[in-house]
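Asks: Since the structure of chain H is provided, determine the placement of chain U on it from the hints.
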Amino acid sequence: MELYWKTAAAVLLTVILVLAVGRQEKDMGTVLSMAVCAMAGTVVISYLEPVMDLLWKLEDMGGLGGGMLGILLKAVGIALVTQMARKICTDAGNGSLGAMLELLGSAVILYLSIPLFDSFLTLLREILGEI
Amino acid sequence: MTMEIDLIFKIAAIGIIVSILNQVLSRSGREEQATMTSLAGLVVVLMMLAQKIADLFELVKTLFEF
Numbered sequence: 001m002e003l004y005w006k007t008a009a010a011v012l013l014t015v016i017l018v019l020a021v022g023r024q025e026k027d028m029g030t031v032l033s034m035a036v037c038a039m040a041g042t043v044v045i046s047y048l049e050p051v052m053d054l055l056w057k058l059e060d061m062g063g064l065g066g067g068m069l070g071i072l073l074k075a076v077g078i079a080l081v082t083q084m085a086r087k088i089c090t091d092a093g094n095g096s097l098g099a100m101l102e103l104l105g106s107a108v109i110l111y112l113s114i115p116l117f118d119s120f121l122t123l124l125r126e127i128l129g130e131i
Numbered sequence: 001m002t003m004e005i006d007l008i009f010k011i012a013a014i015g016i017i018v019s020i021l022n023q024v025l026s027r028s029g030r031e032e033q034a035t036m037t038s039l040a041g042l043v044v045v046l047m048m049l050a051q052k053i054a055d056l057f058e059l060v061k062t063l064f065e066f
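Chains as they are written, first to last, in our numbering: chain H, 1 to 131; chain U, 1 to 66.
Rather than coming from a laboratory, the hints here were simulated on the basis of the structure. Note that the coordinates shown come from a computational prediction; the quantities given were computed from them, not determined experimentally. Built from N, CA and C at the ideal position, the CB exists for glycine as well. One or more of the hints may lead you astray.
The following label-pair restraints were derived from C-beta to C-beta distances [stated by the list, open to error]:
1. U:L46 - H:R125: 50 to 56 Å
2. H:A107 - U:V24: 45 to 51 Å
3. U:E58 - H:A107: 18 to 24 Å
Straight-line alpha carbon distances no greater than 16 Å define the calculated EDC-like cross-link-like pairs of lysine to aspartate or glutamate that follow [unchecked claim]:
4. U:K61 - H:D27
5. H:K6 - U:D6
6. H:K74 - H:E49
Looking at chain H on its own, in the form it has when it is part of the complex (with noise of 0.2 Å):
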């Protein structure tokens, strides 16, 4: 939990540090929130290990298989860096830019989510072809 307090204190430090270095030079703290991002970032990936390990345990328990829990785990991913990346987007006052990279967060999870559409499809097609 230490390092909960360490990095909750930092982020606090920079939001004073970017708005007093980013008075003269805003993009030295664009470049200063994206760093403190990418470590807190770590600081949150790190907490969520052994989540993980619990959710791979507990598809073990159920007998899941199949690769579907990796699928989602790889959609939950990809949202979070791709709604890490926004906001920094967003903060450094190009919208658009942001928009764009949710876009392209979406179409991948839609991309990386086609298997599960397709066993989906499977399933239903040898319900419908019982009846």
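Replies: Relative to chain H, chain U alone:
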């Protein structure tokens, strides 16, 4: 896993130094050199940042099994 607070101070310090240099050069009528100084400072900070972003992406790729 540690939070490298040093990096935040480093980037802020570079920002302040570049800002001061920019002001001094601008006031003495050397706008071109001021722009180049800002650009150089930005490149230095971006090089520091690129490693952190690469680390983050690598961690995300490992955690979510890409």
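Asks: So, for every hint listed, does it hold in this structure?
Replies: These are the hints, each one checked on the structure:
The hinted window of 50 to 56 Å between L46 (chain U) and R125 (chain H) holds, with their beta carbons roughly 52 Å apart. For the hinted restraint 45 to 51 Å between A107 (chain H) and V24 (chain U), the CB-CB distance of approximately 48 Å keeps it satisfied. In this structure, E58 (chain U) and A107 (chain H) meet the distance hint of 18 to 24 Å, their C-beta atoms being roughly 23 Å apart. Among the hinted pairs, K61 (chain U) with D27 (chain H) is inconsistent with the structure: their alpha-carbon atoms are about 28 Å apart, more than 16 Å.
With a C-alpha separation of about 12 Å, the suggested pairing of K6 (chain H) with D6 (chain U) holds against the 16 Å cut-off. Under the criterion of a C-alpha separation no larger than 16 Å, the hint pairing K74 (chain H) with E49 (chain H) is consistent with the structure, at around 14 Å.
Violation of the numbered hints given earlier is confined to hint 4; every other hint is satisfied by the structure.
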